[in-house]
Amino acid sequence: MRYLSLTLSTCLLTALAVPAYADDLVKMSENPADWVMPAHTYDNQRYSTLKQINASNVGKLQVAWTFSTGVLRGHEGAPLVVGNTMYVHTPFPNIVYALDLDHDAKILWKYEPKQDPNVIPVMCCDTVNRGVSYGDGKIFLHQADTTLVALDAKTGKVVWSVKNGDPSKGQTGTSAPHVIKDKVLVGISGGEFGVQCHVTAYDIKDGKMVWRAFSEGPDDQIKVDPEKTTALGKPVGANSSLKTWQGDQWKIGGGCTWGWMAYDPQLNLFYYGSGNPSTWNPKQRPGDNKWSMTIWARNPDTGMAKWVYQMTPHDEWDYDGVNEMILTDQQIGGKERKLLTHFDRNGLGYTLDRENGELLVAQKYDPKVNWTTGVDMDKNSPNYGRPAVVSQYSTDQNGEDHNNKGICPAALGSKDEQPAAYSPETQLFYVPTNHVCMDYEPFKVSYTAGQPYVGATLSMYPPPGDSNMGNFIAWDGKTGKIVWSDPEQFSAWGGALATAGGIVFYGTLEGYLKAVDAKTGKELYKFKTPSGIIGNVMTYEHGGKQYVAVLSGVGGWAGIGLAAGLTDPTAGLGAVGGYAALSNYTALGGQLTVFTLPQ
Amino acid sequence: MKSRAGAAAFALAATLLWTGIALGDGSGDPTAVKNDDGKYFDKNGNPTYNIKPDGTVDWYTYSGYIRYHSECHVCHGPNGDGSSYAPALKDTLKTMSYGDFLGVVASGRKNVNTANENVMPAFGDNKNVMCVIDDIFIYLRARANDALGRVRPDKHEEKPEAAKKWTDSCFGAGG
Chain A
1 MRYLSLTLST CLLTALAVPA YADDLVKMSE NPADWVMPAH TYDNQRYSTL
51 KQINASNVGK LQVAWTFSTG VLRGHEGAPL VVGNTMYVHT PFPNIVYALD
101 LDHDAKILWK YEPKQDPNVI PVMCCDTVNR GVSYGDGKIF LHQADTTLVA
151 LDAKTGKVVW SVKNGDPSKG QTGTSAPHVI KDKVLVGISG GEFGVQCHVT
201 AYDIKDGKMV WRAFSEGPDD QIKVDPEKTT ALGKPVGANS SLKTWQGDQW
251 KIGGGCTWGW MAYDPQLNLF YYGSGNPSTW NPKQRPGDNK WSMTIWARNP
301 DTGMAKWVYQ MTPHDEWDYD GVNEMILTDQ QIGGKERKLL THFDRNGLGY
351 TLDRENGELL VAQKYDPKVN WTTGVDMDKN SPNYGRPAVV SQYSTDQNGE
401 DHNNKGICPA ALGSKDEQPA AYSPETQLFY VPTNHVCMDY EPFKVSYTAG
451 QPYVGATLSM YPPPGDSNMG NFIAWDGKTG KIVWSDPEQF SAWGGALATA
501 GGIVFYGTLE GYLKAVDAKT GKELYKFKTP SGIIGNVMTY EHGGKQYVAV
551 LSGVGGWAGI GLAAGLTDPT AGLGAVGGYA ALSNYTALGG QLTVFTLPQ
Chain B
1 MKSRAGAAAF ALAATLLWTG IALGDGSGDP TAVKNDDGKY FDKNGNPTYN
51 IKPDGTVDWY TYSGYIRYHS ECHVCHGPNG DGSSYAPALK DTLKTMSYGD
101 FLGVVASGRK NVNTANENVM PAFGDNKNVM CVIDDIFIYL RARANDALGR
151 VRPDKHEEKP EAAKKWTDSC FGAGG
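Chains as they are written, first to last, in the working numbering: chain A, 1 to 599; chain B, 1 to 175.
Don't read these hints as lab results, they were simulated from the structure. Honestly, I wouldn't trust all of these hints.
As the list claims (entries may be wrong) - Under the rule of at most 20 angstroms between Cα atoms (straight-line distance), these lysine to any residue pairs were calculated in the SDA-like manner:
#1 B:Lys127 x A:Lys338
#2 B:Lys155 x A:Lys283
#3 B:Lys127 x A:Ala449
#4 A:Lys169 x B:Lys155
#5 A:Lys405 x B:Gly124
#6 A:Lys157 x A:Asp206
#7 A:Lys110 x A:Val159
#8 A:Lys444 x B:Gly172
#9 A:Lys114 x B:Asn113
#10 A:Lys379 x A:Glu355
#11 B:Lys127 x A:Gln284
#12 A:Lys283 x B:Gly172
#13 A:Lys114 x B:Asp134
#14 A:Lys545 x A:Val159
#15 A:Lys338 x A:Gln363
#16 B:Lys165 x A:Asp206
Note that the coordinates shown come from a computational prediction; the quantities given were computed from them, not determined experimentally.
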């Protein structure tokens with residue numbers, strides 16, 4: 001007993017002696033040996049300065065060790081490494097393992113919550129989870145049933161837990177929490193269930209709610225100051241959201257918040273995107289549906305919005321705006337700018353000034369994108385910042401029960417949640433993309449709490465004339481141009497990693513971990529892991545060796561749209577080839593594969 | 001008990017034999033024998049599809065395609081082909097009867113164990129599903145019997161008056 005209590009107080013002392021607030025997290029994230037937050041650093045660059053593994057030797061990469069998660073669903077996200085411990089998460093039931101890197105990844109502790117399995121079918125698109133976060137000596141997990149739980153990083157014991165939503169109303173947890181200063185920020189999923197989505201901040205010490213900011217609703221609910229919050233340089237004005245919805249529709253308006261957040265400690269602003277408005281039938285919700293489909297810059301202390309930019313007003317295609325914001329400091333026109341780059345589902349790559357939300361670049365990052373002719377960049381135009389919609393592909397203009405054919409990209413977007421990476425050396429973004437088009441037919445649906453609220457039928461296929469359903473591209477965010485593009489048979493659905501070794505890693509749906517040359521895109525290495533990869537590649541250093549790790553486990557939306565192969569629009573006319581089923585290449589799995597160079 | 005089970009098995013085998021090549025699916029022979037204002041039924045009275053040689057499908061098969069891809073495909077995959085986490089219903093209906101199908105859709109079911117975490121929710125209160133459950137069944141029945149490919153049916157019969165009346169009353173006015 002005495003020994004036990006001694007150990008306990010030593011632990012407490014250690015915990016107290018090492019406060020891990022944002023400032024410390026900033027410092028910790030600068031240590032390339034660790035991987036303390038989902039994107040490695042707050043800027044979401046997913047870039048590591050480690051270069052033991054580099055362009056000249058990556059071809060010799062070998063598997064160092066593997067770990068089975070015991071779960072066979074879609075594995076998104078990536079593990080964390082804090083010191084000598086690796087934290088691995090799983091899809092539902094949302095197990096967290098702490099692995100001892102000093103002792104062959106022995107399991108130090110395992111946390112498995114008891115959750116009502118009834119949450120499973122209200123999770124659109126598989127029971128994925130995008131990972132855990134670290135801060136203040138705790139590991140934070142956002143469970144499927146929306147419980148946000150803080151676990152003691154040393155023991156796995158629950159320190160506090162709080163319910164962020166109600167799964168019986170279709171609200172679910174899939175995103176990774178983000179620790180910013182003394183708060184844990186978490187979004188919510190349920191855009192296909194008519195949820196009024198929000199970002200919520202909880203006190204890192206005890207889990208008490210500090211603030212909650214909705215994506216749509218009255219000004220106080222969305223934490224927008226009519227005078228001070230700006231959109232494209234102008235104050236948004238009173239009721240900026242309410243007046244863009246018919247009646248009370250904002251209450252089931254969607255705008256979900258399940259993506260990756262970025263944070264700029266100097267500006268004290270965090271950035272994220274809000275998702276599609278509910279339903280998928282645009283006729284049923286007239287108006288711009290603000291602030292769905294929006295890039296948000298908010299103050300993490302108060303939740304107040306500094307600026308907003310709505311990318312796809314009145315969405316007609318489910319071009320969910322949640323994809324990550326990547327923060328860089330680059331020169332444009334000879335001037336050093338604090339930039340934010342975002343690859344939207346709608347097929348446009350945006351670069352904005354992250355201080356004030358000024359729109360600098362909006363260009364297609366897949367040349368097949370056809371629903372818009374581009375964004376109006378004329379500051380004096382009444383349509384400034386709006387995409388020009390091509391009538392032929394407007395599912396609103398063509399009305400309900402009309403099958404709109406050949407829209408590119410498909411609803412899963414030119415890119416989905418799979419995060420891109422950025423290398424400050426090449427000043428290029430590395431983007432895993434989907435190269436898929438669709439037919440989209442909206443129709444009337446009625447809303448029932450906790451039931452799907454979709455309202456459109458769609459079928460997907462590669463762009464006419466192409467057989468590849470994905471590309472892995474390098475993108476210049478200053479000019480909005482593709483620098484190189486590697487075709488992938490299936491959508492590139494794994495998150496990228498760039499390193500100082502001059503290489504970029506990503507995973508493919510067939511299960512390959514690939515390394516390519518950062519300058520040219522030339523493939524330098526590939527290895528087939530046991531299942532399709534929708535996780536994000538990460539790297540760390542332990543015992544003087546660099547390791548690269550990735551989760552395998554096919555699923556997610558990729559597992560729906562692709563498991564059986566995409567619909568072949570010319571079936572019966574003899575077309576064969578790139579339409580083959582993913583199930584011919586891989587099967588369900590749940591495994592972490594860790595790579596390193598041979599001795 | 002044993003002999004009774006054996007007798008039942010024999011009877012089943014005999015039934016299968018007698019039905020010959022039109023062996024059918026989980027609801028029996030899908031051949032349409034009755035047309036009730038554009039809605040087709042098999043000889044057992046189960047709803048079924050009717051596809052003309054030129055590819056024109058009955059209204060319910062078409063409507064089922066639409067509704068399936070709104071309500072079901074997010075889990076069960078496009079065209080009833082299944083996903084990485086929910087079964088292919090075009091295969092399920094090869095053995096599942098119309099009655100059992102209705103029961104599972106209305107009440108849901110769970111298959112949660114170490115290898116599976118499959119949970120089908122109860123749709124009994126969901127008008128978007130239950131008002132058109134026959135449509136969805138008929139579409140999937142056509143898929144189960146390979147009567148319809150992995151395509152959107154291009155040509156379909158007009159929406160029958162009975163279907164209009166039914167959806168209006170079931171969804172509620174204007175619904």
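Those earlier numbered hints the structure runs against, lowest number first: 1, 2, 4, 5, 13, 14, 16
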